[in-house]
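Asker: Okay, here's what each chain looks like letter by letter:
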Amino acid sequence: MINLAGRDIAHHLKSYLLTGLGLGLLIGVTLTMAGVYRGMVDDAKVLLRAVDADVWVVQQDTLGPFAEPSSVPDDLYRALLGLPGVAQAGNVAYLTMQVSHAGKSQRVMVAGFEPGKPGGPAFLVAGRPIARAHYEAVADAKTGLRVGDVVRIRRNDYTVVGLTRRMVSSNGDPMLFIPLKDAQEAQFLKDNDAIVEDRQRLTANPAINRPGQPGVLDAVQAIQTSSHKVNAVLLRLQPGADARAVAGAIARWQRFTAYTRDDMEEILVAKLIATAAKQIGLFLAILAVVSAAIVAFIIYTMTLGKIKEIAVLKLIGTRNRTIAAMIMQEALGLGVIGFFVGKFAATLWAPAFPKYVLLETGDAGRAFVLTLVVCALASVLAIRAALKIDPAEAIGG
Amino acid sequence: MADVASIRPAILIEGLTKRYGSGSAAVDALKGVDMTVWPGEVVGLIGPSGSGKTTLLKCLGAVIEPTAGRFTLGGEMIFDGGWKTGDLRALRRDRIGFVFQAPYLIPFLDATDNVALLPMLAGVPNPQARATALEMLGALDVQHRAQARIAELSGGEQQRVAIARALANKPPIILADEPTAPLDSERALTVVKILNRLAQEFRTAIIVVTHDEKIIPTFKRIYHIRDGKTYEEAGEGRAI
Numbered sequence: 099m100i101n102l103a104g105r106d107i108a109h110h111l112k113s114y115l116l117t118g119l120g121l122g123l124l125i126g127v128t129l130t131m132a133g134v135y136r137g138m139v140d141d142a143k144v145l146l147r148a149v150d151a152d153v154w155v156v157q158q159d160t161l162g163p164f165a166e167p168s169s170v171p172d173d174l175y176r177a178l179l180g181l182p183g184v185a186q187a188g189n190v191a192y193l194t195m196q197v198s199h200a201g202k203s204q205r206v207m208v209a210g211f212e213p214g215k216p217g218g219p220a221f222l223v224a225g226r227p228i229a230r231a232h233y234e235a236v237a238d239a240k241t242g243l244r245v246g247d248v249v250r251i252r253r254n255d256y257t258v259v260g261l262t263r264r265m266v267s268s269n270g271d272p273m274l275f276i277p278l279k280d281a282q283e284a285q286f287l288k289d290n291d292a293i294v295e296d297r298q299r300l301t302a303n304p305a306i307n308r309p310g311q312p313g314v315l316d317a318v319q320a321i322q323t324s325s326h327k328v329n330a331v332l333l334r335l336q337p338g339a340d341a342r343a344v345a346g347a348i349a350r351w352q353r354f355t356a357y358t359r360d361d362m363e364e365i366l367v368a369k370l371i372a373t374a375a376k377q378i379g380l381f382l383a384i385l386a387v388v389s390a391a392i393v394a395f396i397i398y399t400m401t402l403g404k405i406k407e408i409a410v411l412k413l414i415g416t417r418n419r420t421i422a423a424m425i426m427q428e429a430l431g432l433g434v435i436g437f438f439v440g441k442f443a444a445t446l447w448a449p450a451f452p453k454y455v456l457l458e459t460g461d462a463g464r465a466f467v468l469t470l471v472v473c474a475l476a477s478v479l480a481i482r483a484a485l486k487i488d489p490a491e492a493i494g495g
Numbered sequence: 009m010a011d012v013a014s015i016r017p018a019i020l021i022e023g024l025t026k027r028y029g030s031g032s033a034a035v036d037a038l039k040g041v042d043m044t045v046w047p048g049e050v051v052g053l054i055g056p057s058g059s060g061k062t063t064l065l066k067c068l069g070a071v072i073e074p075t076a077g078r079f080t081l082g083g084e085m086i087f088d089g090g091w092k093t094g095d096l097r098a099l100r101r102d103r104i105g106f107v108f109q110a111p112y113l114i115p116f117l118d119a120t121d122n123v124a125l126l127p128m129l130a131g132v133p134n135p136q137a138r139a140t141a142l143e144m145l146g147a148l149d150v151q152h153r154a155q156a157r158i159a160e161l162s163g164g165e166q167q168r169v170a171i172a173r174a175l176a177n178k179p180p181i182i183l184a185d186e187p188t189a190p191l192d193s194e195r196a197l198t199v200v201k202i203l204n205r206l207a208q209e210f211r212t213a214i215i216v217v218t219h220d221e222k223i224i225p226t227f228k229r230i231y232h233i234r235d236g237k238t239y240e241e242a243g244e245g246r247a248i
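Here the protein sequences line up with chains A and B, keeping their order.
According to the working numbering, the first sequence holds residues 99 to 495 in order.
According to the working numbering, the second sequence holds residues 9 to 248 in order.
Keep in mind that a hint or two might mislead.
[Claimed, not checked] Between beta-carbon pairs, the in silico distance windows are: (1) Glu160(B) to Trp447(A): 57 to 67 angstroms; (2) Gln136(B) to Gly403(A): 44 to 54 angstroms; (3) Gln155(B) to Arg464(A): 55 to 65 angstroms; (4) Lys112(A) to Pro133(B): 28 to 38 angstroms; (5) Leu119(A) to Ala159(B): 23 to 33 angstroms; (6) Pro133(B) to Lys486(A): 28 to 38 angstroms.
[Claimed, not checked] Simulated pairs of lysine to aspartate or glutamate, DMTMM-like, Cα-Cα distance not exceeding 25 angstroms: (7) Lys237(B) to Asp150(A); (8) Lys486(A) to Glu160(B); (9) Lys406(A) to Glu194(B); (10) Lys486(A) to Asp95(B); (11) Lys178(B) to Glu491(A); (12) Lys92(B) to Asp140(A).
[To be verified] Computed list of chain B residues with no C-beta within reach of chain A, every gap over 12 angstroms: (13) Arg16; (14) Asp36; (15) Asp42; (16) Leu126; (17) Asn134; (18) Tyr239.
No wet-lab data here; the hints were simulated from the structure.
Don't be surprised by glycine CBs; every beta carbon is placed ideally from N, CA and C.
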């Protein structure tokens, strides 16, 4: 028996391919939207994976340092190092801000860390690690910075000495690692006018500026112009140590809140990006439904365009299942073409997105199956219409 | 010894009626049509618009069921209550050939496959079906266009391919609905000549519905249909 679908496709090859291309671009948008969602979730987790901390210690009763502000003393790490099971402790300070380079301003997440301790970049793809105590930086490649570039943060210039990759905040902003002290200064530094004003206010306060005790005023002013706070302390545990037990001990005895890596992941994914993820998820669902409707419409229209041929086929004795198979095969063919075009298109344009678009193989597989199912279901409508065509239409009258 | 099948009418209809709708809205398209067509005979069916020609053709083509009356095909009673949709489909495929005003060929198949499709639908293996198709195209003098796409064929060639398709399963009857309407006089007469030759060659009964004044004189017998009733008339049967 002749493959009617194959012959029909070959006969209308150009228009069939163009239809497949159009459908493919639609599927590409749907795949990209799924990739945006996956990328958003992955962005939320990537920092956790990169810093490789077992426990995050933050301000008591906060969801810091990303979901809520958190401030802890920068000497807390000493006490934490004394806890059983703790191998390493490192202070970190995070601040999202605009930095300028070559006249352009860019949004980054500045991460202050202590070299050699948890909190720094996991690996470098170029340059070297930070070796000096001040004014050196390691940037994520997505910032567009290169080794040797100078970037301005607040009032200071930092030289980029190394590049890392796939180190972004939960919002997708690329990270810029600098020494902890510099980050603390950037986070808490006041401008000169504010410092002068504070000094004047303190000097005018008789409770602080007591006659004969000039040291009190100096001490208070020194405290106000320096920071001894960090956003969190990251702990790496000894092999075999129970992260949840360590976190529990910290909460009980140190009066801070401690999260295991799983807890932090839960905070970032389920709380920080939950609304945005739901938004994209809903949009994705709507897009999938619209795509399915368009597929159904295309296949239905293609079938209606062949009413006369189908009537003749039925009149000369073609079985209904032969006609149904023809429509179904054409629909599935369209789905296959559309999927591969969509996958290619999504792969092609995904890197151009400012935020990470993660096209997972599993998602592609599911999308392929879903596309075929949608095409098959969509063709049912067309098959029903085709089977309703009266063979008498071929005779006319 | 005479062939028993040859002495039976290819088509015999008696008192065929067809009513559309019901109650006060009912319309009787056929009001007791009688018709006999013998194997190898080409008869004309002529009537004005709305006379019931198309309805009669649909009944004869086993596409619609008559309301009452008797319809036998080669001695076998059709629409006697025991016919299912699949049976009627097989009947149309194996025992009735259709030729339309427009060729209505399947545009995505070439000339050979348009003709071969019918035997293939009947379960004939592809090579054999194609051989039959080429034989039929040869009988219609269009074998040189066997591989041509439908859009590449002229109107006359398309109509010949359509006739070849109608003949592919060697049906005992062919229903031709205005087969010469889109053709000029010369081509129209050629088509009629072909139909007459094929009727003789394959012992096929052919009913030609037509308004075409050019070909009416070629029929030996003509059925006039008016207001749902048929009237037989001897035709001129002029040689072509």
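Asker: Okay, which hints does this one fail, numbers in order?
Answerer: Hints 1, 2, 3, 7, 8, 9, 12, 16 and 17 are the ones this structure does not satisfy, whereas the remaining hints hold.
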